[in-house]
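Between the sequences and the hints, there should be enough to build the whole structure, so can you do that?
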Amino acid sequence: MDTKKMIMIALSVAILFTQEQIMVFLPNISFTVVLIVVFVSVYSFKESIILITAYVILDNIYMGGMNPFIIIPMLIAWYLIPISYHTILRRTTSEVKLAIFAFVFGFVYGWVYIPFRMIQIGIAEFWPYLLADILFEVIMGSFGFLTVLWLFKPLYNTMDEIIKSKKLIASKNYK
Amino acid sequence: MKKILISFVAICLIIGSFLVLSYYDFSDKEGTISITLKDEKGDTISNEDYEFTNEDTLFSILDENYDLGCANSSYHVSDVCDKGLFTSRILLEINTLKTDWRNSYISIYENEEYSTQGIDNISINDGDIFVFEYKLVGGDN
Chain A
204 MDTKKMIMIA LSVAILFTQE QIMVFLPNIS FTVVLIVVFV SVYSFKESII LITAYVILDN
264 IYMGGMNPFI IIPMLIAWYL IPISYHTILR RTTSEVKLAI FAFVFGFVYG WVYIPFRMIQ
324 IGIAEFWPYL LADILFEVIM GSFGFLTVLW LFKPLYNTMD EIIKSKKLIA SKNYK
Chain B
-4 MKKILISFVA ICLIIGSFLV LSYYDFSDKE GTISITLKDE KGDTISNEDY EFTNEDTLFS
56 ILDENYDLGC ANSSYHVSDV CDKGLFTSRI LLEINTLKTD WRNSYISIYE NEEYSTQGID
116 NISINDGDIF VFEYKLVGGD N
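Sequence order for the protein chains is A and B.
The numbering of the first sequence is the numbering used here, which starts it at 204 and goes up by one.
The numbering of the second sequence is the numbering used here, which starts it at -4 and goes up by one.
If you are wondering where the hints come from, they were derived from the structure by calculation, not from laboratory data.
Computed from a predicted structure; not experimentally measured.
For each residue, glycine too, the CB sits at the ideal point set by N, CA and C.
A couple of the hints might just be wrong.
Chain B is faced by these chain A residues, among others (derived, beta-carbon under 8 Å) [stated by the list, open to error]: (1) Met204; (2) Pro230; (3) Phe234; (4) Asn263; (5) Met266; (6) Asn270; (7) Tyr282; (8) Phe329; (9) Pro331; (10) Ala335; (11) Val341; (12) Phe346; (13) Phe348; (14) Leu349; (15) Leu352.
Structural data, given as structure tokens:
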């Protein structure tokens, strides 16, 4: 991978991590969804996976001990963004389509954790987890929807301009 | 115009969810509750009854009668147990019942039912029995 691209990805991870820590006092309110959607849309699939993996590992090291019951569902959930972007979303740059995706993702993100919480806590019933988390999912989905709807285009244009001006277009010629 | 309207609906959903999370409370105005602490072996280390009024919460009763340790934003034990904005505190220590969140945690049973609510979201009703029990992460329950 190009050194400049690696630095770009490292800076993207730093931005993701810093904004999340700044917003940590508000549950499920952060710009992580819109930022990952923007990064995924300007980086290649492979670069997006590297970025998300680095971000999740950093976040888990800082927040507490690399708990597999948290890190695995977190990785799975965030990987769904590049996977969806490159498959069902067909690399769209329509902020409306991406905002709807962000809304649905808010719920899916919560659901991915449920089987792991069931194993961790040992309660075999599905519904208590779903009900306990539903309002947090509404918050995450709605905030993701809002931020993608209003911020995706300006952020995407800025990132795209930086990448083009620095000749960092995903040329796939990994070194 | 549509974009503004949809955004307004989304903002209402966020504010509504936060309000429900903050003010969801069906507690009785007064009564008596029982609080039991159980250690890692399942042995009872404390069992007391407490009277409450409409100004009390489960957390305030615990805070008045026990030494508490709460999780900070990094899930490390802290003596500071201030309630975060719209979030529930996480108890890691109650007197000698000490957990670290990564390997162990304090489970809350309300009338023998495992509570999926945080300590700040649990209603208290006359005659309720609360059991705070040490649990290993991924262990038998």
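Right, here's what the structure says about each hint:
{"no.": "1", "hint": "Met204", "verdict": "violated (31 Å)"}
{"no.": "2", "hint": "Pro230", "verdict": "holds (5 Å)"}
{"no.": "3", "hint": "Phe234", "verdict": "violated (14 Å)"}
{"no.": "4", "hint": "Asn263", "verdict": "violated (11 Å)"}
{"no.": "5", "hint": "Met266", "verdict": "holds (6 Å)"}
{"no.": "6", "hint": "Asn270", "verdict": "holds (6 Å)"}
{"no.": "7", "hint": "Tyr282", "verdict": "violated (23 Å)"}
{"no.": "8", "hint": "Phe329", "verdict": "violated (11 Å)"}
{"no.": "9", "hint": "Pro331", "verdict": "holds (4 Å)"}
{"no.": "10", "hint": "Ala335", "verdict": "holds (4 Å)"}
{"no.": "11", "hint": "Val341", "verdict": "holds (5 Å)"}
{"no.": "12", "hint": "Phe346", "verdict": "holds (6 Å)"}
{"no.": "13", "hint": "Phe348", "verdict": "holds (5 Å)"}
{"no.": "14", "hint": "Leu349", "verdict": "holds (5 Å)"}
{"no.": "15", "hint": "Leu352", "verdict": "holds (6 Å)"}
Of the numbered hints stated above, those contradicted by the structure are hints 1, 3, 4, 7 and 8, listed in ascending order.
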